[in-house]
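Residue numbers (my numbering), protein chains in the order written: chain A, 1 to 640; chain B, 1 to 349.
Just so you know, these hints were derived from the structure itself, not from any lab. Take every hint as true, because none was put in to throw you off.
Chain B is faced by these chain A residues, among others (derived, beta-carbon under 7 angstroms): (1) HIS229; (2) ALA230; (3) GLU232; (4) ALA233; (5) MET236; (6) PHE237; (7) GLY238; (8) ALA239; (9) VAL248; (10) PRO251; (11) MET252.
Distance windows between CB atoms, simulated: (12) A:ALA176 / B:LEU46: 37 to 43 angstroms; (13) B:LEU46 / A:ARG632: 31 to 37 angstroms; (14) A:ARG632 / B:ALA205: 41 to 47 angstroms; (15) A:ARG332 / B:PRO130: 25 to 31 angstroms; (16) B:THR269 / A:ALA176: 53 to 59 angstroms; (17) B:ARG212 / A:ALA542: 43 to 49 angstroms.
A few chain B positions that, by computed beta-carbon distances, are all more than 12 angstroms from chain A: (18) GLY166; (19) THR259; (20) GLU295; (21) THR298; (22) VAL341.
Predicted model only: the values in this text are computed from it and were never measured. Even glycine gets a Cβ: it sits at the ideal position worked out from N, Cα and C.
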Amino acid sequence: MTTVAPTAGLPLALSGLRRYWRWVLLVVGFVILQAVFSSADEFPAWFDDTFKDPIDRAGNWMQAHRRTHVVFTDFFTPLSDAVRWALDSVESALLWVPWFVLPASVFLVVARSHGWRPALIPAMAMLYPGLIGLWEETVDTLALMTIAVFISVAVGVPLGVWGALRPRAEKTMRPALDAMQTVPAPVYFLPMLMLFGIGRVPATFATVIYALPPVVRLTTLGIREVPSHAVEASEMFGATPRQTMTKVQLPMALPTIMTGVSQTIMMALGIVVLATMLGAGGLGQEIMDTLSQRRTGRGFAVGLAVVAVAIVLDRISRAVVVTDRSKLPSTRTTLIAVSALVVLVIVGFVTGTTEFPDVWDVKTFDPVDNGVDWTRDNLRWLTRWFNDLVVAEFYVPVRDLLIDTIAWPVLVFVVGWMSWMIGGRKLAVFTTAMMLATGAIGMWSPSLDTLTQVVAAVALSVAIALPVGIWAGRNPRVEAALGPVLDALQTIPSLVYIIPAVIFFTVGVVPGIIASVLYAIVPGIRITALAIREVPEASIEASQVFGATPRQTMFGVRVPLAAPTIMAGINQVIMMVLAMVIISGLVGGGALGFATVSAVKRSEFGNGAEVAFAIVAIAMILDRTTQAIAERLRPPAAEQ
Amino acid sequence: MSTAQTIGVDALPAVLAGVGVYKVFGPKPHRAMEMAAEGISREEILRTTGNTVAVCDVSFEVARGETFVVMGLSGSGKSTLVRCIARLLDVTRGQVTLNGDDLMAMSEKELRDVRRRNMSMVFQHFGLFPHRTVIDNVAYGLEIQGLARDIRRERAREILDVVGLGGWGDHYPQQLSGGMQQRVGLGRALAIEPEVLFFDEPFSALDPLIRRDMQNELLRLQAETQRTIVFITHDFDEAIKLGDRIAIMKDGAFDQVGTALELLANPATPYVREFTEDVSRTKVLRAGNVMKPHEGETVGPTVGADRSIDAILSVLLETTDEIGVVDPSGSLVGVIDRGAVISLLEPGS
Ligand SMILES: Nc1ncnc2c1ncn2[C@@H]1O[C@H](COP(=O)(O)OP(=O)(O)OP(=O)(O)O)[C@@H](O)[C@H]1O
Ligand SMILES: [Mg+2]
Chain A
1 MTTVAPTAGL PLALSGLRRY WRWVLLVVGF VILQAVFSSA DEFPAWFDDT
51 FKDPIDRAGN WMQAHRRTHV VFTDFFTPLS DAVRWALDSV ESALLWVPWF
101 VLPASVFLVV ARSHGWRPAL IPAMAMLYPG LIGLWEETVD TLALMTIAVF
151 ISVAVGVPLG VWGALRPRAE KTMRPALDAM QTVPAPVYFL PMLMLFGIGR
201 VPATFATVIY ALPPVVRLTT LGIREVPSHA VEASEMFGAT PRQTMTKVQL
251 PMALPTIMTG VSQTIMMALG IVVLATMLGA GGLGQEIMDT LSQRRTGRGF
301 AVGLAVVAVA IVLDRISRAV VVTDRSKLPS TRTTLIAVSA LVVLVIVGFV
351 TGTTEFPDVW DVKTFDPVDN GVDWTRDNLR WLTRWFNDLV VAEFYVPVRD
401 LLIDTIAWPV LVFVVGWMSW MIGGRKLAVF TTAMMLATGA IGMWSPSLDT
451 LTQVVAAVAL SVAIALPVGI WAGRNPRVEA ALGPVLDALQ TIPSLVYIIP
501 AVIFFTVGVV PGIIASVLYA IVPGIRITAL AIREVPEASI EASQVFGATP
551 RQTMFGVRVP LAAPTIMAGI NQVIMMVLAM VIISGLVGGG ALGFATVSAV
601 KRSEFGNGAE VAFAIVAIAM ILDRTTQAIA ERLRPPAAEQ
Chain B
1 MSTAQTIGVD ALPAVLAGVG VYKVFGPKPH RAMEMAAEGI SREEILRTTG
51 NTVAVCDVSF EVARGETFVV MGLSGSGKST LVRCIARLLD VTRGQVTLNG
101 DDLMAMSEKE LRDVRRRNMS MVFQHFGLFP HRTVIDNVAY GLEIQGLARD
151 IRRERAREIL DVVGLGGWGD HYPQQLSGGM QQRVGLGRAL AIEPEVLFFD
201 EPFSALDPLI RRDMQNELLR LQAETQRTIV FITHDFDEAI KLGDRIAIMK
251 DGAFDQVGTA LELLANPATP YVREFTEDVS RTKVLRAGNV MKPHEGETVG
301 PTVGADRSID AILSVLLETT DEIGVVDPSG SLVGVIDRGA VISLLEPGS
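Just chain B, with the same shape it has in the complex:
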């Protein structure tokens, strides 16, 4: 869906990177880390030492403009990890860098400066300020930056339009529906134009229809301005829909990191296989994955290379012609054979 995937992750410099990140809650973190390194299970460590190894030796790189999704069940350590990356929590061991600068080594003041300009977060429970109007919520980051009231209000108003809340500025957050509240949260995070955006299960408190709206909204925003995103979810469908790459997290560690297709094709562990088993291929596969390379002209309809097969089914069913596949710049890169797609739809393929 974004440049990162089509060009390939390795080609871009990593904006955000983590090396060997550990986070242990409890009285004896170092003892617990040693035990974890020896391969002793989390339950065992908790029972014998009273320490929770929430994040265990996690390494990752996120490229500019990439959406990196961390997927895992409740308690797997996702929130802890994202809080460590944002340094809302201090890691017990390991390194997190933003554009090569070590976040852990920063002083309080340096960290505040980074947060004011370069990163933002959207929270699962919104984390809105009930005593501030919607517009003042959105303008909060700008206020902290020290911008004058008029300037930040104007900027916040623009953002409200972007997230579809134009005209709601003078309401209080609690007067809005859940979906709208999370739009406020999103707007608040976007207002400072951050380089990196963190999402901690932002849509899981919303009902399914609203959740889909918000996902599409995010995709739309991401198509306009490509930001570097770390997105936490426990919903594999959401991970597939939004993520360039997905990390499957279990018991504090990454089981596998890769594109949806890679996870599907080569699950590294039985746990990953369990997740991918029930996923329909057509959701994961994109036009670019099933096309035959082709250059020049075609007569039939065309679709974007990053559209999923599910999304182009209606086009496939309406025409008997070959379907052209175009890259983001609009030039033809291949054609899709209907027969190949229909075979994908058959069970057991």
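This is chain A alone, in the form it adopts within the complex:
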């Protein structure tokens, strides 16, 4: 122990090599491959046409046979007609009644189960869009949301029940549901377009797909959580499985299922606005218009209208499903309320006031817009500086490095090798295959372009979210103050985030990056704060007993223990950033986002499918690698 052999240098180097050989190989591989392939051109798009042509052909065939082939005439067309009919009925019914009947009904329905005070907010939310002259657009969106949420629940609850009863079914469904949530929404648009053409019907189905997972998941969870003795008790009375399900399991799971429905409504809200790309109209179209006209004040007013629709739907759904019947008013009260509504309808028709009166006209928001313009002009020195900084110092060099300087085989090797180091062979095979496939269909450059934007936005988001999250996690007062702000931010549909970004940073990649950061820091802060707060008190105290400074405790104990959860937060940040970077294709973000938008707009199925594949590939590579990192950071589980 005390003497060091003079020849220790060599074994030491050897043991070092044994420890770090993976890193050494990474560097060596990089250098060698880069030298060999330095003159390699862009990734050869071997399978571009092989991939694209059949899809184009299928898409064109579908377009040509929409009226003739049995798959359409007997399935998709009737389905589409039914949904269109439902949308039209709901919309025209809502527009037919005098406008004040809607807020009044919302008020009465919510007041019936929750009392009049909680009913005020949804009633005002129902009123608000009319005040800014968006009554018809709002009713349009409300109808779409209602039908989409209805279909989601009608499909999702049975799927969730199935998953709860058959673990095998749940196991096969889970990856599909995961994928439905990780993939940025515009990816769904093209298949919907192929099947249903353009308009509100494909928009409804795109919304359903996106909004379905929470209700399925939480139904399964809710039913699983029903205590086994309650189920046994029911069986013991000779109940059939169906009776046990309808009389015991579903009612007891109801609160959890309703949480799922709320989440579903929130998801639907996010997408319904984007679905304008499919020609859905409504509030989404209005947001797009204000966006192109650069009218901030109005943009936010419209964004709030979307939130208002979500509030109305959420409260109504909770009010309709009542668990405690003892709190319901008497039949007489209900009758009075219904008659009051009828009277309102009649009064409306007699006085001829069915349409929402013009209260605030278009100019109402001019002062806001002017104020924003003034601020923008006066901050131009700052925004321009920042814009140039991001573009010139980060975006362009990194993008060129990835696309031009580093030869593509090198990049495949480095990413594949690092995946292997992080998550083992399975992950390595997956990422390598995904990268090769993306390149082979000719999506190499736009994918790396998008990736560069994602990296920039994630770096900025983490740089903001981590410190703020740690601060909030250690200081309950900060967290209490941030809470409502974060809550509000989380309900705003993603598209609305783009408005201020575009106002201040005009066009290019920076507005997309800024919008992504605004959108993604919220969960980043939330999860970081949660992670820090959840570190067991005993570990902190143990550290303090040893005389650690607060700083040492922070970085020696808190951060490492919180790391896996923080990593899960970063994972979420990455996924949200990716979704937003794709959406920002609408405002000049270029790359995959723009390619999606233009493919949808021009009905280019093959191109759209390629872009969609590339987006899915990026999403899944980022998702799996970050999850693998989080897994590595987790302390080993206790031995059984």
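Assemble the complex: chain A is given as a structure, and chain B with the ligands must be docked to it using the hints.
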């Protein structure tokens, strides 16, 4: 306390019977059963094969109107056994019969019919439905039977009175105290007027005073209508108080089955002895056990033959006369000598 004990179990036909019941949890139940039959210990079987032998070769008979108590420590397999008898679990091997019909051979539908009419269970954690009012909880079994709402509500209301919850029908179970919740559970089980009632540690989640109330309540109900009961407990005092016969369960098997007195007098294994050692004789012995047979008239006070010595101590202390012992029909069957009882109270007897 019931006819079964005074007349003798063998005289009555068995309502419920089990023969060689095994229940094994795990991947290779048959291998595990063979090993158990060879006398290999449960721990050993679990370690080598990953199977838990929860119930191991249990046989029993329960007579009509009898309260059969299964007593054992945590993990001894009591819950598993009662679930096997009720066929909430399928046995791995063995037979369980109700009135001679093999429960294991029944189809799902036949089993449901039996459950709707003939058996009920009261659970340790109550198993109440939080989304239903008390009255709808009690009426659940009747609802499953398909009775009309008015009829079942009326019936449920009567039952609520019986279990002392009249007026609580419109509350939700979680608004009630633990003892009241278990009264709901009891009422729910009684509502279908079952032939056989299963109790899986129904009172062990309650605090001692409430537990005693509930035990007395059960005794009262049992005195009115004698049902066949399988009662699970880990509390020997409760077993003595409620049980006509007691089965001591250890490691999935019955160590001994008998009346409290038999267990006390002739413990079959050291394990049974351990349980009975600390039990006071006066709790177990009943007036009928210590009396001298006597017919005709006596002048002093009288007590029921099934009352425990503990319960009649106050009577013994208040009088110097002989105490008469009467059977359930009220006719005198014997007299108690105070000296004999006092000698019982002395330690080491
Ligand atoms: N579903 C199951 N799967 C695997 N093992 C089980 C299962 N149910 C019970 N066991 C095991 O069977 C054994 C007996 O359990 P059981 O619940 O019957 O005991 P118990 O006597 O009722 O105990 P307690 O007083 O704690 O309720 C235990 O070792 C338990 O772990
Ligand atoms: Mg038990």
